[in-house]
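One letter stands for each residue in the lines below.
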Amino acid sequence: MPLALQQLLLMVGKDLRIEARSRQTLGLVVVLGLLIVTVLGLGLGGDSAAGFGATVVLWVAYLFSGVLCFEKTMAVERSDGALAALMLAPTARATLYFSKLITNLLLMAAVALIITPAGVLFFHFDLSLAPGAFAGVMALSLLGFAAVGTLFASVVSSSRLQGGLLAMMVFPIALPLVIASTQLMLHRFRDGLPLELVAVGIIVAFDVIFLTASWLVFEIVLEP
Amino acid sequence: MNQPRTAETAVDDVVSCLALNKSLDDRAILRGIDLTIASGEFVAILGNNGAGKTTLLKMLATLSMPTSGELRLFGQLVPRHAAAARARLGLIGHQSMLYRDLTARENLLFFGRLYGVNNVGNRADELLSWVGMSSRADDAVRTFSRGMTQRIAIARALIHDPDILLADEPFAGLDVAGADAVERLLSAQHQAGKTVVLVNHDVGQSLRLAQRVLLLRGGRLAVDQPARLNDLQDLHHQLSQPVGRG
Amino acid sequence: MKSARSILVVAFWLLVAGLFAVDLCLLRTYTPTEITMGPVQKIFYLHLPVAICTFLACLITFIASVGYLWQRRIVFDDLAWASARVAVQLCAVVLVTGMAWGRGAWGVWWTWSPRLTFSLVLFLLYCVYLILRSSVEGRQRRAMVAAVYGVIAFLDVPLVYLSTKLMKDIHPASIELEKSMQLTLLAWAVPVLLLSGGLICTRFRLNRLNTQLAEQTEHESQAFEPVIRPLSGNVARA
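Protein chains in written order, with numbering that gives the first Met the number 0: chain A, 0 to 223; chain B, 0 to 245; chain C, 0 to 237.
Please note that the accuracy of each hint is not assured.
What the hints assert, rightly or not - Stretch-level coverage of chain A by chain C, calculated; a stretch enters the list once three of its residues show a Cβ under 8 Å from a Cβ in chain C:
hint : stretch
1    : 141-151
2    : 177-184
3    : 187-201
Claimed, not checked - Computed Cβ-Cβ distance ranges for the label pairs, DEER-style:
hint : chain 1 : residue 1 : chain 2 : residue 2 : range
4    : A       : VAL30     : B       : GLN210    : 55 to 61 Å
5    : C       : ARG140    : B       : ASP33     : 49 to 55 Å
6    : B       : ASP160    : C       : ALA213    : 44 to 50 Å
7    : C       : TRP108    : A       : VAL38     : 24 to 30 Å
8    : C       : ARG140    : B       : GLN210    : 45 to 51 Å
9    : A       : ASP190    : C       : LEU212    : 41 to 47 Å
Just so you know, the hints here were simulated from the structure itself, not pulled from any lab data.
Even glycine gets a Cβ: it sits at the ideal position worked out from N, Cα and C.
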């Protein structure tokens, strides 16, 4: 196995072990997500809410939960200065970026697996039309979201956690994902139209552009 | 300029700075530092806050790059060959640079594997007993006192057997027992033939531990002399003077 | 030297004001009224040049941010900030004129049309940039965070544009431009461009002065008197 991949797995394993040990992030984030879904469900009038509110509800839940995940995974490195030790070790910065990204994605996937069924359930969202499309679009969107979130979390120092700062930065950047995925879902599920390639293309373009840009900027700005 | 390794050049310079400058946005932090540190030396760097001690140490650790001037570690120019230099140096600071939710052993195993250390399990156990923490090897770092954490931090810094140990005010926040342990570990490293560079506030302690003392004032190397306990008063006096502008 | 600069500055702003005055007259007398939307369409002549200048200001912020990440010099940060401030101001004008146009032409203050949505998101993107700056302490740290965001935000702009195009546009506003309309547009573009440039330069200069002042005061430290006099001891207590 190439060294970079070994180190990547080592770092992701370390993050997951710390998460399992401290049990800080996952529980908090899942419960927060469920609360958001509940609040929105009730706020939209309970059963009288339209069936297609699911995407917005899920997006709001993902956005807030996601930002918390990103803050926490980076805080692990900053709280005792372990980041300096990582930078001294023979690891490429790219490895560090992608290990954090993968950790974030795994945590977000865990969150999504719980929150998505809840949203679908509470809002009577009929996914049977194209469940694969739904899962695929959400997965691609979360990838782009995590790419930017990982970068921003590394720059915003979390030693003085300014609640909401990271959220404020990531949300507007993520809007194309929100718009594209929502339009996709509306057209596919509400209007029954086939999947729009343009919209999918925008999400994919977002992922490619921001994976590359975030990785490159991360390499430049990372400081212990 | 690679000199052939002969018996005379066996004691080669671990650190070599030539006209080293570091500026942060037009504000000079280090000015014209000329410094060589030979293999096996124990050097203490003194200076007030803002004098540039930590900046200099960070540069020696390749965590910060000089604005101008030449920095060589192990004979190799730093920005280009920083990675090779990093494999041979270890750093401890006032933060532990450990993961507090992992155990002492897990921390050492993680960093050891990152460095590609062979038989990392044995190496970790060896270091744990060397710093006197074998009995707490499987406890989370979170549960340790500051002194114990610093000992594990030293073990972490030495996991890959570096030739030079850089220490940035490692005694900060330690009680007498903790400080004594760190002092003995640093000395032990020195006695084993390794180079130690210590940034410290306590002049007396530094004179006791080190062979050679450097004093930074306003980013310049004001003093570079062998460490003699008789110089305590004089060094104290120099540190108390305010630095003029410019 | 200073007075010569002041005269130039005053002359510049008078010129800009004058051009705007001329353009207003132009709108009233020369420019034809568009058929479908009526006189309110004339907001377009202000709206479009300001929109273009907003984009240019965002571009300047992007370039300056890249410059900072590359060189780590505060001068780039000062420029990025100045330009972002003006971008937000201009974008506010774009939003307001866009909404007024919509109200006048189709009777609604707001609709989630591609154009309005794009303006809103752009406005928010750069508002975040400004607020970000006030939330981070330490000049270097602040410049770094702002630069990272400045780069990412600009890369986001085309994606926002494309994604808003997916939204239904019930009020398409494409217009055929006659010769006289084109000339009016050009006439408006000049003072708007000058105004934007002038605002950025003014702000940039102010930022530079502030930065230089901050650097000076950091250097001045007060020496502590070697002989410490006893305190007076006359402290009144209730």
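Outcome of the hint check:
| no. | hint | result |
| --- | --- | --- |
| 1 | 141-151 | holds (count 3) |
| 2 | 177-184 | holds (count 3) |
| 3 | 187-201 | holds (count 4) |
| 4 | A/VAL30 with B/GLN210: 55 to 61 Å | holds (58 Å) |
| 5 | C/ARG140 with B/ASP33: 49 to 55 Å | violated (31 Å) |
| 6 | B/ASP160 with C/ALA213: 44 to 50 Å | holds (46 Å) |
| 7 | C/TRP108 with A/VAL38: 24 to 30 Å | holds (28 Å) |
| 8 | C/ARG140 with B/GLN210: 45 to 51 Å | violated (38 Å) |
| 9 | A/ASP190 with C/LEU212: 41 to 47 Å | violated (60 Å) |
Hints 5, 8, 9 from the earlier list are contradicted by this structure; the remaining hints agree with it.
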